[in-house]
Amino acid sequence: MFLRRRGLFLSVLSIGFLVAILVGTGSVVNYINLQSQVLGGFINPGGVYIVLSKNSTSITDSRVDVGLVSLFNNVDYVKYVVAQRMLNVSLFTDSGVRVVYVRGVSDVGVFLKMRGAYLSGGVARNWTECDVGELFARVFSIRLGDSIRLGFNGVYVDVKVVGLFKSQTQSDAELIVPIETVNKLVGDNNSVSFIEFGLKDGVDVGKVGGEIMSMLPGDVKLVHVQQLKEFVRDMNLQVLDFLSVWSVVVYMVVVGASYVIVTRFVIESNYELFMVRVLGGKRFHVFGLILMYTMVVAVLGSVFGIALGVVSVQIVSTVLRWFWPSVGISPFFDVDGVFLTFLLVFVSAVLGGMYPAFKVVREKYVGQFL
Amino acid sequence: MRFIGYKYVEGRRVMVFVVILVLSSMLFSMMAFSLLGFYRVFGGYLGGGNDIVVVYDRNSNTPFTGLIPIYLVENISSIKGVMAVSPEVIVPCVLKNESVFLRGIVPEDFVKLNQLVMVEGSMIRLDDLDSIIVGKNLAERFDLKPGERVLVLSVFVNQYLELYVKGVFVSRSVMDDEILAPLYVGQWLRGTDYNYVTLMRVKVNSSMVDASVIFEAIGAKSSSVGSSGVSQLFGGLLSWSRPSFKIENIGVNEGQKFMESYLSRYGVTKESLIVLSVIVFLLCGVTIVVAFKTILVQHKGVVGILRSIGVSRKFLRVDLLFRLLFWSLFASSIGIVLSLIVLSVMQAYGFLRVLSHTVLIYPDPLIIILNFVLVFVIILLVILRSDLE
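Which chain is which? The protein sequence lines are A and B, in order. Once you know that position 289 of the first sequence is 387 in the working numbering, the rest is easy, because the numbers rise by one and skip nothing. Once you know that position 165 of the second sequence is 413 in the working numbering, the rest is easy, because the numbers rise by one and skip nothing.
Be a bit skeptical, because a hint or two may be false.
Said to hold, decoys possible - 30 Å max Cα-Cα, derived DSSO-like pairs, lysine-lysine:
1. A/Lys327 to A/Lys298
2. A/Lys152 to A/Lys319
3. B/Lys393 to A/Lys327
4. A/Lys211 to B/Lys344
5. A/Lys298 to A/Lys264
6. A/Lys319 to B/Lys393
7. A/Lys152 to B/Lys344
8. A/Lys327 to B/Lys344
9. A/Lys457 to A/Lys380
10. B/Lys344 to A/Lys264
11. A/Lys177 to A/Lys298
To be verified - Partial chain A-side listing against chain B, Cβ under 10 Å, derived:
12. Ala118
13. Leu233
14. Gln268
15. Trp422
Rather than coming from a laboratory, the hints here were simulated on the basis of the structure. Since we're looking at a predicted model, the values are computed, not measured. C-beta: ideal position from N, C-alpha, C; glycine also.
I would like the entire structure built from these sequences, with the hints used as guidance.
This is how it looks when you write it as structure tokens:
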């Protein structure tokens, strides 16, 4: 009887259109997020990892037990392991003293090979030798065969430049020495800044990540160097964050819409509700009837809105493709999204209808409500 | 025309209608301001006005992924009317588990195009091998201070860099959300060799040079270059060879048009964003209609009395329109103000970022006027179609 009222269609339409807004925007955002994930998936993440101390925020303040290197030595899918110690040292040149980066590595040859470096000269093999990156050499006017002095906390070492290299990496701006040189400067042989290791080609990065993690002690962290997935995930989160806050306003409109719908229903059903009470119906019966009406409108509105949202974005995207071939968007709304939207709209609608319903049952006589 | 002196519309009942209007206006304004803010931010990403020309890779799907030979700097610099050329490598990366953009630049040339005010620390130089400066927004987001060392992880290649924060700058542009580093730092993270950059921004005297002149100059040189020869600019720190290229792969356009062309590839134009916002408002319009009809139902008795004592339907409609018009304009204004407040709060708490850049909110007069017009039209239609019996 109540559902045959004139206002029902408009009420369902009102809730439905609001749901369509949510579904439409959600569908487009889902598509954008999926596209960025797909694009991210085209690039195979490289299998290079670094092991740092858990509480470190940079490489130089990280300290890792050098013994951890042995954990990777017998792992068949590990291609190379290089323990490294990064240090800011004073470089003494003819033009003065400057603080520079020195990278001590357990095997300079392996390190340069992994960097894909083009080397002029030889590989530093002991603590009195070093290799210098192209940019570093240019900035400090260093040539092959030069001898340079490094200082750290009052300890000095003289090293000879035995090789100049170009790797198109940060190492081009560094001085690479065997780790013994750095150990001499800091007076510590037991720890390194971090351990870098690479996986063999074809190894599934996703599968072995957990296995490697389980090998490591709790005071270190494993960092996957190429952060493509993390980047894409953060980008998507930024859009979802905005959409979440914006959706709150839509749900507020749903609450308001439900309030006016129920208010109108109560006024227009004045006679029927009065009859329910006259015929012995309790207050909660009236309350239940109003709430039931609210729920029916919410459910019908949600179903209509979800259908309208999904269909309309598909139509719009198809039409756009006709006129604008480069705009190849295919929006979609996933099942989780459908349930979440349905639930939130339902709750918002019931919330909006509560006050007018309560107001009715508080009245002693069912006269002119509201 | 005399209006009915008797206040037959109860303010208490109109309040719900006003609240619905406030929320609808808020929804429309929030959507329109944020979308247009995004459009303005990315439209002006490389500099607005016709005095900034961008040389870019036409084959690239995004402004961040193209590669062009760096040695074009020499060709472009020699054109009369070119005031500065800034080769740049724009690269996405991850800092403290969050996405950021790092721009490799030649600092001396970059500042000729963009004024940077150092609020903390000092400016980088090209020979600062491991130093960066960070925009104020980024510094606040990550709580970065000069003297700090940060670990930057690449997105494109297996590269991790420890970099030293040398300063914090303000540019009053999207760069306040970026890291600026010497050019080669960007090239390391991009995984390209020193012969290539993402794009070049050229500052020109617009009365002497435009995009077509630069394109012709590049085209003239493209036929004469081979793979030999090494050039040295920027104090001899950067050197490069001369890889051959196809002129049809190089694009030259004004900065704003360049970015807008990328956005329009994906159907994002100012007009489409406004239309989208208007659709959202119109979908809310049904709720406004329901709210108005509820007011009418609530005042059915008094409207009936007025009609029975001889007040015409037309007169009642005009009277209702004027009574509700005030409330509508009031509600729209509140909705606009509330949307700006909410967006400002969202901006402050980092909820208003797209592609890791803060969306700048600007109360566009067009949107404000459109809001009032839409509300007025809906009210007008609903009153005209109402059955005042």
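A quick look at each hint next to the structure:
no. : hint                 : result
1   : A/Lys327 to A/Lys298 : holds, 20 Å
2   : A/Lys152 to A/Lys319 : holds, 5 Å
3   : B/Lys393 to A/Lys327 : holds, 28 Å
4   : A/Lys211 to B/Lys344 : holds, 29 Å
5   : A/Lys298 to A/Lys264 : holds, 24 Å
6   : A/Lys319 to B/Lys393 : holds, 24 Å
7   : A/Lys152 to B/Lys344 : holds, 13 Å
8   : A/Lys327 to B/Lys344 : holds, 14 Å
9   : A/Lys457 to A/Lys380 : holds, 15 Å
10  : B/Lys344 to A/Lys264 : holds, 29 Å
11  : A/Lys177 to A/Lys298 : holds, 5 Å
12  : Ala118               : holds, 6 Å
13  : Leu233               : holds, 6 Å
14  : Gln268               : holds, 5 Å
15  : Trp422               : holds, 6 Å
The earlier numbered hints are all upheld by this structure, with none contradicted.
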